[in-house]
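> Here is what each chain is made of, one letter per residue.
Protein chains: 2
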Amino acid sequence: MNRVALVAGGLARFGKREASWRDLAAEGGKATLEDLPELSPEKIDGVIVATADEEPYLAAVASEILGIKPKIATRVENLCSSGGTAITVAYSLISSGLINKVLVLGVEKMCHRQTVPLLEWDFTRGGVLMPAAWGAVYAQKHMEKFGTTEEQLALISVKNHRLSSMNPFAHFQKPITLNEVMSSRHVVTPLKLYDCCSKSDGAAGVILAGEDEARSLTDTPVWIKGLGESSQGATFGNVNPEYVTWPCVKIAAKEAYQTARVEANKIDLAMLHDAFTINEIIEYEDLGFARKGEGGRFIEQGQSEIGGKVAVNTHGGLIGVGPPIGATGVAQAVEILAQFRGTAGKRQVGRVENGLTLNLSASVSTGNVIIYGRNSH
Amino acid sequence: MNRVALVAGGLARFGKREASWRDLAAEGGKATLEDLPELSPEKIDGVIVATADEEPYLAAVASEILGIKPKIATRVENLCSSGGTAITVAYSLISSGLINKVLVLGVEKMCHRQTVPLLEWDFTRGGVLMPAAWGAVYAQKHMEKFGTTEEQLALISVKNHRLSSMNPFAHFQKPITLNEVMSSRHVVTPLKLYDCCSKSDGAAGVILAGEDEARSLTDTPVWIKGLGESSQGATFGNVNPEYVTWPCVKIAAKEAYQTARVEANKIDLAMLHDAFTINEIIEYEDLGFARKGEGGRFIEQGQSEIGGKVAVNTHGGLIGVGPPIGATGVAQAVEILAQFRGTAGKRQVGRVENGLTLNLSASVSTGNVIIYGRNSH
Numbered sequence: 050m051n052r053v054a055l056v057a058g059g060l061a062r063f064g065k066r067e068a069s070w071r072d073l074a075a076e077g078g079k080a081t082l083e084d085l086p087e088l089s090p091e092k093i094d095g096v097i098v099a100t101a102d103e104e105p106y107l108a109a110v111a112s113e114i115l116g117i118k119p120k121i122a123t124r125v126e127n128l129c130s131s132g133g134t135a136i137t138v139a140y141s142l143i144s145s146g147l148i149n150k151v152l153v154l155g156v157e158k159m160c161h162r163q164t165v166p167l168l169e170w171d172f173t174r175g176g177v178l179m180p181a182a183w184g185a186v187y188a189q190k191h192m193e194k195f196g197t198t199e200e201q202l203a204l205i206s207v208k209n210h211r212l213s214s215m216n217p218f219a220h221f222q223k224p225i226t227l228n229e230v231m232s233s234r235h236v237v238t239p240l241k242l243y244d245c246c247s248k249s250d251g252a253a254g255v256i257l258a259g260e261d262e263a264r265s266l267t268d269t270p271v272w273i274k275g276l277g278e279s280s281q282g283a284t285f286g287n288v289n290p291e292y293v294t295w296p297c298v299k300i301a302a303k304e305a306y307q308t309a310r311v312e313a314n315k316i317d318l319a320m321l322h323d324a325f326t327i328n329e330i331i332e333y334e335d336l337g338f339a340r341k342g343e344g345g346r347f348i349e350q351g352q353s354e355i356g357g358k359v360a361v362n363t364h365g366g367l368i369g370v371g372p373p374i375g376a377t378g379v380a381q382a383v384e385i386l387a388q389f390r391g392t393a394g395k396r397q398v399g400r401v402e403n404g405l406t407l408n409l410s411a412s413v414s415t416g417n418v419i420i421y422g423r424n425s426h
Numbered sequence: 050m051n052r053v054a055l056v057a058g059g060l061a062r063f064g065k066r067e068a069s070w071r072d073l074a075a076e077g078g079k080a081t082l083e084d085l086p087e088l089s090p091e092k093i094d095g096v097i098v099a100t101a102d103e104e105p106y107l108a109a110v111a112s113e114i115l116g117i118k119p120k121i122a123t124r125v126e127n128l129c130s131s132g133g134t135a136i137t138v139a140y141s142l143i144s145s146g147l148i149n150k151v152l153v154l155g156v157e158k159m160c161h162r163q164t165v166p167l168l169e170w171d172f173t174r175g176g177v178l179m180p181a182a183w184g185a186v187y188a189q190k191h192m193e194k195f196g197t198t199e200e201q202l203a204l205i206s207v208k209n210h211r212l213s214s215m216n217p218f219a220h221f222q223k224p225i226t227l228n229e230v231m232s233s234r235h236v237v238t239p240l241k242l243y244d245c246c247s248k249s250d251g252a253a254g255v256i257l258a259g260e261d262e263a264r265s266l267t268d269t270p271v272w273i274k275g276l277g278e279s280s281q282g283a284t285f286g287n288v289n290p291e292y293v294t295w296p297c298v299k300i301a302a303k304e305a306y307q308t309a310r311v312e313a314n315k316i317d318l319a320m321l322h323d324a325f326t327i328n329e330i331i332e333y334e335d336l337g338f339a340r341k342g343e344g345g346r347f348i349e350q351g352q353s354e355i356g357g358k359v360a361v362n363t364h365g366g367l368i369g370v371g372p373p374i375g376a377t378g379v380a381q382a383v384e385i386l387a388q389f390r391g392t393a394g395k396r397q398v399g400r401v402e403n404g405l406t407l408n409l410s411a412s413v414s415t416g417n418v419i420i421y422g423r424n425s426h
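Heads up: the sequence lines are chains A and B, in that order. According to my numbering, the first sequence is numbered sequentially starting from 50. According to my numbering, the second sequence is numbered sequentially starting from 50.
Any given hint could turn out to be false.
[Unchecked claim] The calculated DSSO-like cross-link candidates involving lysine-lysine, where the alpha carbons are at most 27 Å apart (straight line), are:
| no. | chain 1 | residue 1 | chain 2 | residue 2 |
| --- | --- | --- | --- | --- |
| 1 | B | Lys92 | A | Lys303 |
| 2 | B | Lys303 | A | Lys92 |
| 3 | A | Lys190 | A | Lys299 |
[As the list claims (entries may be wrong)] Covered stretches of chain A, going by a simulated chain B footprint (3 or more residues, C-beta under 8 Å):
| no. | segment |
| --- | --- |
| 4 | 100-111 |
| 5 | 114-121 |
| 6 | 139-149 |
| 7 | 411-424 |
Just so you know, the hints here were simulated from the structure itself, not pulled from any lab data. Because the structure is a prediction, the values reported are computed rather than measured. The C-beta atom is built at its ideal place from N, Cα and C for all residues, glycine as well.
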């Protein structure tokens, strides 16, 4: 089986952008290609575009814009976890030997939409279709059961805004205080404005390559060591009956840890899916960084801060960097690559051995976990 | 490398349907699952949905409808070649060892749309965005250069309507005469109404499995022997400078033949992408069934009829069965499976050894070729 590594990464700034989808694809794609000048575009044999945009055929469109005539160009769409799934598909296309050098490009225009994507047929949400409604249910239940506090939730937002303020590609460039989070307007109790990610436009790209190509193209390949994914359904009412623990995350993480032969306590860098502050807390637990119910204390004790046991969302997370749908999971991989390379600037943590990404969709119904490492095995 | 086979197939009738996207997904998905009762839905670990529908997250939606909680559920979208690309992605996910039993489900609601999908940014088409415009250019050039006649084009339509009249799942259930084709109204000269495929709703599903599972689940697995795909761009003006020969088809076919170790003259069954009659004629040539320029004579001499050297579009092709975007390439595989099994009823050809599918997108800018055989190597 051909091993697979990240060999390049690039971003188009996240935020409210005047640029079109095509502009963002060009900007993010070119940034990615320029990160690896040794590889000319015509040698790329796969282009996977992750986007929830309504227009069809955007992988061929992006390829044409970037001057690539790949063997395989296709869109992979899985709502907010499109990026993680696209990297997984790219991995398998390389690993199976069909192609060898794949650009995965996540692109989204989101700010012009009235709403974030809603699953309007999801009657299990009642009349309350906005994502914060499910976030609030999970938060309420976690607070009830484990005594998690609104202040603990707020600490996630403070941390992720502080980190995004050091990331020039992030939507939110200013740190915020605990008081600012606590006094922001309620969206759905107990979630307040700064407990929620916003809407952002943006693009993120990575190039993946098979073992021989990766070694010849770069001195700092970052290897995919394990992958796990689980889809539990599409409707809020069907997927997380216990609310405070998420089967798709646990199943995906178990598979990723097993295939990587890495345990949770060996992960020193993690990009998590903090659509809401409560997410990051529950994810600490379901990924095995903290015991169930102790996610609130975990953030309070600073263990997930830079320099702690596991550095979480060093790019700023969805709350700080922004959540452009298809770009979210790809941007996680871009940060993993930067941190392994030691090029993350002010956000740089110490030497990283094992990195993890968690990318989710639609009220935590799909989870994708990828584990990265310095060595190919 | 894990070998991969088709082990089941099913259809929801193509045509103008009152059913919703979800209804069609349920109908096509259930027909596919019922084709292999030995495999219970909960054992399926991948669901790839091929569709150009505007709504996101439809692979998770389809999985939930069908009672499947797969590891990997994702949409693969590549406009009219979504189905072929989805089978290619499913192949790689199995071949790489990530998952083992994958439902590929192509579903499309198309008739309610005012137009077929247009690439509105494609200025290279001038003001004429309807697909028949590019079909007509290719036809005009082929007639000019090789003396291909309107009657030869019409013979493709007569053949494919005759075949679809024997396919209970086809949109068009009646044979038509050469005179009816020739006297149908002009769409874009020289293409007339019956030279063009229509719009259709519909769904098609196949299940693919790794070698061990395939052998244990069925006595009649149909193996994927070779795959090839090529994306040359997204705009008409960029992709086929010589008009009468199509690089994406030639490149994809060459790769598929090489990986399958099969030559064109060993293909005895082929499902081609006859969006227009001229397509099938050029495809005879670019796939190596006929010499360049002789596609018109090839259909005239009846060599592509049932019982001929290579039986083409035995299900009726896009012209007879209908072209529901994401379902098109999957329906090709369903017919391959039926013909290998000998269950194609009135359409059944003799014993098939090597089958081929060709699935195209957007003015023949992307081509996907898959070669199937009785033996896994």
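> Confirm or reject each hint.
How the hints compare with the structure:
no.	hint	verdict
1	B:Lys92 x A:Lys303	holds (18 Å)
2	B:Lys303 x A:Lys92	holds (18 Å)
3	A:Lys190 x A:Lys299	holds (18 Å)
4	100-111	holds (count 7)
5	114-121	holds (count 4)
6	139-149	holds (count 7)
7	411-424	holds (count 3)
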